[in-house]
Amino acid sequence: MTTSPITLADRIAAAPADASSLATQEYFVNMGPQHPSTHGVLRLLVKLDGETVREVIPVVGYIHRGIEKMGEYLTYRKFIHLSDRLDYLSAITNNWVVCMAVEKAAGIETNDRIQTIRTLCAELQRIQSHQLWWGVFGMDLGAFTAFLYGFRDREMVTDIFEETTGARLTMNYIQPGGLMYDIHPDFVKGVKKFIEYFKPKLAEYEQLVSGNVIIQARLRGIGVMSSESAISLGTTGPVLRGSGVEYDLRKTEPYGVYSKVQFDVPVGRIGDCWDRYWVRMEEMRQSIRIIEQLIDNIPEGKHMMIKPTAKIKLPEGLSYSQAETARGILGVLIVSDGSDKPYRIHLRSPNFNNLWSVTAMGPGLRIADLVAILSSIDIVVPDIDR
Amino acid sequence: MDHVPGGSFCVTSVDGIINWAHANSLWPLTFGTACCAIEVMMAAGASRHDLARFGAEVARPSPRQADLLVVAGTVVKRLAPRLRTLYEQMAEPRYVIATGSCAISGGPFMYNSYSTVRGADQIIPVDVYVPGCPPRPEAFLYGLLTLQKLIKEGESIRRPYVRRKPVLSVLPAGMTADQIRSELAALLTRDSTVDLSGEYVQNVQAGGSKQ
Amino acid sequence: MTGEDLVSVIMSIEARAKPREKCAMPSAMIPVDALPGFMRSMRDDPRLSFDMLCTHTAVDWLGENRFELVYVLYSTKHRHYVTVSTSIPRDKPEASSVSSIWRIAEWQEREVYDLMGVLYSGHPDLRRMFLEDDWVGFPLRKDYKDTFMLGLPE
Amino acid sequence: MTDDGEDRKVTNAIDATVWQVKTLATRTLEAVPDSPWLVAGYLLLGIVAVASLVAGLGIVLIYAERKIAAHFQCRLGPMRVGWHGLLQTVADTIKLLLKEDIVPARADKLLHLMAPFLSLLATVLVLVVIPYSPTLQIADVNIGVLYVSAVGGFGILGILVAGWSSNNKWSLLGAMRAGAQIISYEISATIALLAVVLFSGSLQLSAVVLSQSQGWWIWRAHGIGFVAFMIFLIASVAEINRTPFDIAEGESELTGGFHTEYSGMRFAFFFLSEFVNMFVVAAITATLFLGGWMPFHIGNFHSLNAIMDLVPPVIWFLGKTSFLIFVIMWFRWTFPRMRVDQLMKLEWKILLPIGFVNLGAAAIAVLFNLYFFPSH
Chain A
0 MTTSPITLAD
10 RIAAAPADAS
20 SLATQEYFVN
30 MGPQHPSTHG
40 VLRLLVKLDG
50 ETVREVIPVV
60 GYIHRGIEKM
70 GEYLTYRKFI
80 HLSDRLDYLS
90 AITNNWVVCM
100 AVEKAAGIET
110 NDRIQTIRTL
120 CAELQRIQSH
130 QLWWGVFGMD
140 LGAFTAFLYG
150 FRDREMVTDI
160 FEETTGARLT
170 MNYIQPGGLM
180 YDIHPDFVKG
190 VKKFIEYFKP
200 KLAEYEQLVS
210 GNVIIQARLR
220 GIGVMSSESA
230 ISLGTTGPVL
240 RGSGVEYDLR
250 KTEPYGVYSK
260 VQFDVPVGRI
270 GDCWDRYWVR
280 MEEMRQSIRI
290 IEQLIDNIPE
300 GKHMMIKPTA
310 KIKLPEGLSY
320 SQAETARGIL
330 GVLIVSDGSD
340 KPYRIHLRSP
350 NFNNLWSVTA
360 MGPGLRIADL
370 VAILSSIDIV
380 VPDIDR
Chain B
0 MDHVPGGSFC
10 VTSVDGIINW
20 AHANSLWPLT
30 FGTACCAIEV
40 MMAAGASRHD
50 LARFGAEVAR
60 PSPRQADLLV
70 VAGTVVKRLA
80 PRLRTLYEQM
90 AEPRYVIATG
100 SCAISGGPFM
110 YNSYSTVRGA
120 DQIIPVDVYV
130 PGCPPRPEAF
140 LYGLLTLQKL
150 IKEGESIRRP
160 YVRRKPVLSV
170 LPAGMTADQI
180 RSELAALLTR
190 DSTVDLSGEY
200 VQNVQAGGSK
210 Q
Chain C
0 MTGEDLVSVI
10 MSIEARAKPR
20 EKCAMPSAMI
30 PVDALPGFMR
40 SMRDDPRLSF
50 DMLCTHTAVD
60 WLGENRFELV
70 YVLYSTKHRH
80 YVTVSTSIPR
90 DKPEASSVSS
100 IWRIAEWQER
110 EVYDLMGVLY
120 SGHPDLRRMF
130 LEDDWVGFPL
140 RKDYKDTFML
150 GLPE
Chain D
0 MTDDGEDRKV
10 TNAIDATVWQ
20 VKTLATRTLE
30 AVPDSPWLVA
40 GYLLLGIVAV
50 ASLVAGLGIV
60 LIYAERKIAA
70 HFQCRLGPMR
80 VGWHGLLQTV
90 ADTIKLLLKE
100 DIVPARADKL
110 LHLMAPFLSL
120 LATVLVLVVI
130 PYSPTLQIAD
140 VNIGVLYVSA
150 VGGFGILGIL
160 VAGWSSNNKW
170 SLLGAMRAGA
180 QIISYEISAT
190 IALLAVVLFS
200 GSLQLSAVVL
210 SQSQGWWIWR
220 AHGIGFVAFM
230 IFLIASVAEI
240 NRTPFDIAEG
250 ESELTGGFHT
260 EYSGMRFAFF
270 FLSEFVNMFV
280 VAAITATLFL
290 GGWMPFHIGN
300 FHSLNAIMDL
310 VPPVIWFLGK
320 TSFLIFVIMW
330 FRWTFPRMRV
340 DQLMKLEWKI
350 LLPIGFVNLG
360 AAAIAVLFNL
370 YFFPSH
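Just so you know, the protein sequences line up as chains A, B, C and D, in that order. Residue numbers 0 to 385, in numbering that gives the first Met the number 0, belong to the letters of the first sequence in order. Residue numbers 0 to 210, in numbering that gives the first Met the number 0, belong to the letters of the second sequence in order. Residue numbers 0 to 153, in numbering that gives the first Met the number 0, belong to the letters of the third sequence in order. Residue numbers 0 to 375, in numbering that gives the first Met the number 0, belong to the letters of the fourth sequence in order.
The hints are simulated quantities; they were obtained by calculation from the structure and are not laboratory data. All C-beta atoms, glycine included, are put in the ideal place defined by N, C-alpha and C. Wrong hints could be hidden among the right ones.
What the hints assert, rightly or not - Below, a sample of chain D positions facing chain B; criterion: calculated Cβ distance under 8 Å:
(1) Ala-69
(2) Met-78
(3) Arg-79
(4) Ile-93
(5) Thr-254
Let the sequences and hints guide you as you build the complete structure.
This is the structure:
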């Protein structure tokens, strides 16, 4: 039995819009590649019956840059800056995953200071990413003001990062064997100031968006995904946890210094948009909790364990490591042939795996719900396409 | 300006008003491909940097109503025809700002990538480039101001077949505003227009004058 | 369950399975014809219950003239991982699809088809994912040639 | 035009001037013999007046909206064009007027060109009957309330035509949503209007205003007026497609809805009609429930009434209207958008039943004079 590949036109022809019925007529519309609610250049082919969605066919690849192929030509150290540009809202976590994979395979030891700073930065990044998500989520549902509030607070975190790493978005901060630079002397002060500033703002977020009647009506019971189907669809991160599966790498396989801190993993109940929303809001609180525990206890030590110019060679073999970014699990699968460049590097991106749950959740709902679902999955398109 | 005999003063001041209106009302299209979109479309429009001060916050989701196409991020082969379509759907006068290394040259994805287009200007004409990876919102604001200057000092409505050379938004440090202005003016008057009339016009005429 | 226990349980399901060399995690290498049945029992066996397909990809071993298909599985119940790998000949890159076992496999296999050119039998929707339908060649193969691609200048 | 301005007590300078100008104009017109040129000139003058009123309203309201939104969102808003961006909307208008006008290749050309004007026309027609002050009212038709709801409902035509003729699925979807929405909410708005008509006993807008000389209907009728006011405000905001009811254009869903394919001047007309609509809705609400130009009076509290009378009626009218416009803008920058079925549910299952019960209550209240300061 062999399978012959088909084209997009075949795919559309295989799901014909039913135009025969007198009462209603089904039709296809294109959402994207340029559409305000697809967060980039994602394209959704939606089959509609009036306002009701019958089928969703995501078409991706409008920003496929071939990062996996490029990785085969770059040394491990050089590859890290590409990982920034995957899911640019979790740049530091992405750096960390690649470094973790390299460190694990090459056997590079790090100290507690490095791990603590990495953890702190990853949690700050998670807050920053969720702030942006919250703003964009509001905007997608029509509450434009939420977008600006989210960004107003996000700038505070961006400032902290800029001070330490020198960049606002694509930081390239975590390196194999340590950190690019040591933290800025004002880092601790800045983070504390931000925590004090942000805690009351979370209450404001709840007031502006969460408590709103319309938001509740738009989210409750919409886009329900059972835990079985969420697992089978390979979702991770808040999408999976929203469906009630407690799978958070920070808890199940602690890396960094997560084993030393107290925090809870928020888990949703039925897996609707509201649960996913709530999980993210709660995660921001938990991240604050983690940061509060760590910020006063950064141990002394070096910030880089190996010479920055040292050639890193990985032993021959296959290795897979992963970490929890703001959107789910980023996995890096490296097949090494013993040289200083990967023979094959594969990125298991959280957004790629989360995206397809749209096809399961979308049908039967309305276009407006599709926007809400897409927003509650919180996709970053360059991470899908790589 | 030479179209109305003896009326140059009147026409130039009308031109000035038109340019002023175009420069101060650049409505961007909500379009972003990668990281740059966060910085130049979102952060620049958000409270701290506030694109609205320059009258450019009315982001239109429909290309018909937008004046400014910000190519924010990498352009890949698959997106290229769509980007061209978007540009063609926009109504004249339309302006393009390419932000970030990717949209300028392919940036970090220039080498060893089988699908990244090396610069948005291979697909659509670009007016202003804003370097950075991604550029800071301030850099984008500077690019926007450069474009405004360009429009204010240029012609009111672009002549068909004539297209200006693009201008880099970041000029060497230590320059005064007057120097920038004179440099821009010199650029515009001396050698900044590319006359495509020869070959292009012939092609258009040969291809028939269908609308 | 420790790694050795896991491997021995897997061995009891499929006698031909053996650990993949040079792999940092518990692993199993199986012949390609055993793939669908083996994967199904990996999911359904209560001792294993690998209910999540973390990732699936292919490695092009040009020198050995084979593709290696790699599956990373995870069990949310027992919280353990395993790497399953299998080899298919390079000139006849065909394997059976596991999309009926894990739904995400449908798209992960599509990605592998798009970039590596592995054909999956029984796949419901096998078409290009990131590249246009008329793209020639499979870019992640080691022998992929493209006039467009620029090499890094030395 | 009923010329009873002379009978009415004119107490302030603005109205006195308006009245004098009007009388002078009428007398002059009566003095000169009828001539088609004069009629044409009169018409032209009227057109210029209406056009400048509409354009001025649009410019002021758009500027206000942008500034108000900016300050809600911790921003500054337009700052660079003119003092505090005062000329921003002027620049936008000039730009939009000079922008290329695109008609899609496969669009229904005639309808596509017509739609924006239809949309604006409905709005402008309502401006005619609004009493801005005791003397300043273009036409005081005796079925004013009926006219408002009839002509106001006409605005849907422009939107439907725009959506249909654009030959774009998003436009069509937006237009169909707008059609369903506006027609539904029309009912609630009219029912709410009827309560006031019952109280004032007249369909004439000037009479409705005069009937509130003892107090505004919003507080005079034991809550009935307030409920009617709320229903009318919600239904009107829905009728003019503003957030939280802006599903017809819903940017994040329909990329612009019915006006997706419009560019340049024609888009500007839609934009303009949206803002003038907002003014119209605020003005009508103010007239019916907040007494229009009527100062804040409480029955027989003569000294208070006399103090309130010191503020000219035009200022009262503009103040109330501006306040309502601010409230509508406040809605927009606070609420998220509703879904189309929730919108319908809100109308048919909540607003309409409440409206009917309220109307019944209003009838009983009127029958037994059950409101404050009944006139007889």
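Hint check:
no.	hint	in the structure
1	Ala-69	6 Å, holds
2	Met-78	4 Å, holds
3	Arg-79	5 Å, holds
4	Ile-93	4 Å, holds
5	Thr-254	4 Å, holds
When held up to the earlier numbered hints, the structure conflicts with none and fits them all.
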